[in-house]
Amino acid sequence: MTGRMALGFVVGAVGVYALPVLPSLLWLIALLLVTLMLAFISRWYLARQLNAFKVLLVFSAVSTGTLWTSFYWQVCHPFPGPRLFEQRLDLQVVVLDLPESSSYGQRVWAKVVVASLSRPAGLASQDHSSPDLSAELSALTSSRALLYLPSELSSPVAAGQIWSLHQVKVKPLHGNASSGAFDFERWAYAHGLSFIGTTRDKGRLLGQEAGWQAWRNEFAEQWRAMLPDTSGSAIIRALLMADRRGLSDDDWSLLQQTGLAHLVAVSGLHIGLAFLLGGLLGQGVGRSLQWLGLLYNRWPLVYIMGLAVAAAYATLSGWGLPAQRAFFMLVVWVCGGWRAIPVSGWLRLLYALTGIILLWPGAPMGADFWLSSMAVATLLWLLQPARPQHKFWQQWLGVQLALSFLMLPMVMANFAILSFASPLLNLLIVPVVSTLLVPPLLLLAVASLVSLHWVEKTAGYLSDVLTTLWLLLKNLFDAYPLYLPWHPGDVSILGPGVAMVASIWLLGAKALPGKRWVWLAWLPLVFPQYEQLGAGEWRLVALDVGQGTAVVLQTKRHTLLYDTGPAYGDFVVAPRVIQPYLQGAGLEPDRILVSHDDRDHSGGAVYLHALYPAAQWTVGQLQSVDWQAEQCVDKTWQWDGVTFRQLQLPVVAQRDDNSASCVLHVQGTHHSALLLGDLDQRAEQRLMELTNNELQASLLVASHHGSRTGSSESMLDVTRPVAAIFTAGYRNHFGHPHVETLRRFQSRAIATYNTGVDGSVTADSRADEPLRITGYRETDARLWWQWAPR
390 MTGRMALGFV VGAVGVYALP VLPSLLWLIA LLLVTLMLAF ISRWYLARQL NAFKVLLVFS
450 AVSTGTLWTS FYWQVCHPFP GPRLFEQRLD LQVVVLDLPE SSSYGQRVWA KVVVASLSRP
510 AGLASQDHSS PDLSAELSAL TSSRALLYLP SELSSPVAAG QIWSLHQVKV KPLHGNASSG
570 AFDFERWAYA HGLSFIGTTR DKGRLLGQEA GWQAWRNEFA EQWRAMLPDT SGSAIIRALL
630 MADRRGLSDD DWSLLQQTGL AHLVAVSGLH IGLAFLLGGL LGQGVGRSLQ WLGLLYNRWP
690 LVYIMGLAVA AAYATLSGWG LPAQRAFFML VVWVCGGWRA IPVSGWLRLL YALTGIILLW
750 PGAPMGADFW LSSMAVATLL WLLQPARPQH KFWQQWLGVQ LALSFLMLPM VMANFAILSF
810 ASPLLNLLIV PVVSTLLVPP LLLLAVASLV SLHWVEKTAG YLSDVLTTLW LLLKNLFDAY
870 PLYLPWHPGD VSILGPGVAM VASIWLLGAK ALPGKRWVWL AWLPLVFPQY EQLGAGEWRL
930 VALDVGQGTA VVLQTKRHTL LYDTGPAYGD FVVAPRVIQP YLQGAGLEPD RILVSHDDRD
990 HSGGAVYLHA LYPAAQWTVG QLQSVDWQAE QCVDKTWQWD GVTFRQLQLP VVAQRDDNSA
1050 SCVLHVQGTH HSALLLGDLD QRAEQRLMEL TNNELQASLL VASHHGSRTG SSESMLDVTR
1110 PVAAIFTAGY RNHFGHPHVE TLRRFQSRAI ATYNTGVDGS VTADSRADEP LRITGYRETD
1170 ARLWWQWAPR
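For the sequence shown, the residue numbers in our numbering are 390 to 1179.
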């Protein structure tokens, strides 16, 4: 019965995340009380209704799980008040993990100790009037933040340090909402974050917390200085102490393509290996003590030493959330084995999941929670006693192959890649990592506390071997890409789950019916179907790329990309939003048009040129690219019954990037669209004169992201759009779209959409239908997307 209640609690807690909004706590409490009252009545006054009693208890467990998760997010989690986003704060923080480099400078995880309003420079506190935000500031205490700091601070930043930071701009957790794009908000909330902070202040180091964080930081820097700067060294540091700072974007890409990314994230596999290593050590010590007559039962010592080594490894890795969950699950597993009455593996898994959610209700939002839980469940299914027993190596081989096969749909859903080589590579590499890499590294870590000389030489040899093997693997995948890009954007999100259930069915007992047909469940994943357009129909998708523009225009057989999104220093948005969308939709652009030479429009040009070398390029300014491209001129062409016309003002100063924008007009059988780049009002007027005021459009992609200097009243009166899209970043510092601009659209009853608020905006022009426009945050609504202020 306790197992059913644990299952009910987990189902209720996880089910909250499928809801569009958090349920009312009062209604949940009332539901729980009514359920418990009915259970009490059925048990004590209706003695024969034991089945009803059990059902009601399980239902009360479901209600409790739902109440627990809802209570956490509505009461316990510290959300910054909206008024804080308009202020600059002074923060005193504790650095929680090793710093990481970013395009902004460096990124650190931190816990807020004290928060206060910043005082403008040169003003005394009594001269500075500010709103009373004491309640909001108090709520930030003990919250976790992701801070973006300058590259050079007053002192090198390290884990465990206490810093005072001034003029910190607080930003809500908000990412790009587009099909195929990384769901930043889900990831951030799963890791317990409350806000993002940015500052240019160099800060002031107040001190160092004594404890394991300081020791880990010193240990990480010691190994970083000891090893050469190679891919092999980066893998060693990632495996040993979860220090992934040395892994490049190319390294991460290869890890995902090969299905080996889980090996460099210290989680269940690694903590389990440490437990086994400690258990073997405890076994040896226990046998010796038994032989000496000093110990009667060695198994408690085996378990204790196993947990001790696992805890030491988790400490070395920084006690990340995956390591915490893995260790907790291990503790529950060991306790279940110590009971006088044995507890089955399935019950231990349920108890562990219940405990994890009780400790951290946001755990189900993380992909690693599902990957580790499904991996343990798969092992339990494959190793159940009822199945035929084989020799150890046969059983191990079968389990490894089956585990790789069963986990493939989950990996596809979370990493958007179908790796054909993943099962074979995991079969070969997981045993190597488990036996020949992690145990020796842990021994070297212990030895480095005593002597560094021979440890440095041994680790260096190991790094050289890993680097050589890594280069061989990279060259193999460069020559033979044994993977397919995939994303469930146009396939139901249930697709991977159905494929996994089908795979479990396939590997089940021989007596299960329909086994020969279950492979059909994989077909939608391998060969996804896409919604087709007819002749004269078009689809326009303004992607949510932040403060910049990237618009995909699709006809029946052709695709055009208008602008390539922004770039901020070395950070390019195209591989994170544009490429996943195009691949997920099964599209490859025939033509890429870069309106003008501004980084928020041409930032992804270099990346996309390498990705789509066969595409035809048209640019508003030739200096935008350093490869062969056409200059934008007045030109018309037809694709599948849809007429495209590109225009550019005839006399434009080379430095006037905005007025040089290449304009695109799309005319289908039923509707039309106009994309204006960054034209200002004067340029818009010249464009209307150039086209004899005949350039009408059902849909307008507003000029210059909704700036006050664009979208003139005369242009709106001539084009007469029914809807407009602003390609503006969420809460951008330019204030786009401007209030005056919005007023001009609203006074003409023109519907407006903003990619920063609505996510990617899709406009469908279909036969005999009005222009259908939807925002991704509405059509694919997720609970956590409601938490950031609009």
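Rather than coming from a laboratory, the hints here were simulated on the basis of the structure. Small disclaimer: the values here were computed from a predicted structure and weren't measured. Certain hints may be false.
The list that follows gives simulated cross-link-like pairs (lysine-lysine, DSS-like), each with its CA atoms no further than 27 Å apart [as the list claims (entries may be wrong)]:
hint, residue 1, residue 2
1, K560, K591
2, K591, K558
3, K945, K863
4, K863, K846
5, K500, K443
6, K500, K591
7, K500, K558
Checking against the hints above, which ones are violated? Checked against the structure, the hints that fail are numbers 3, 5, while the rest are satisfied.
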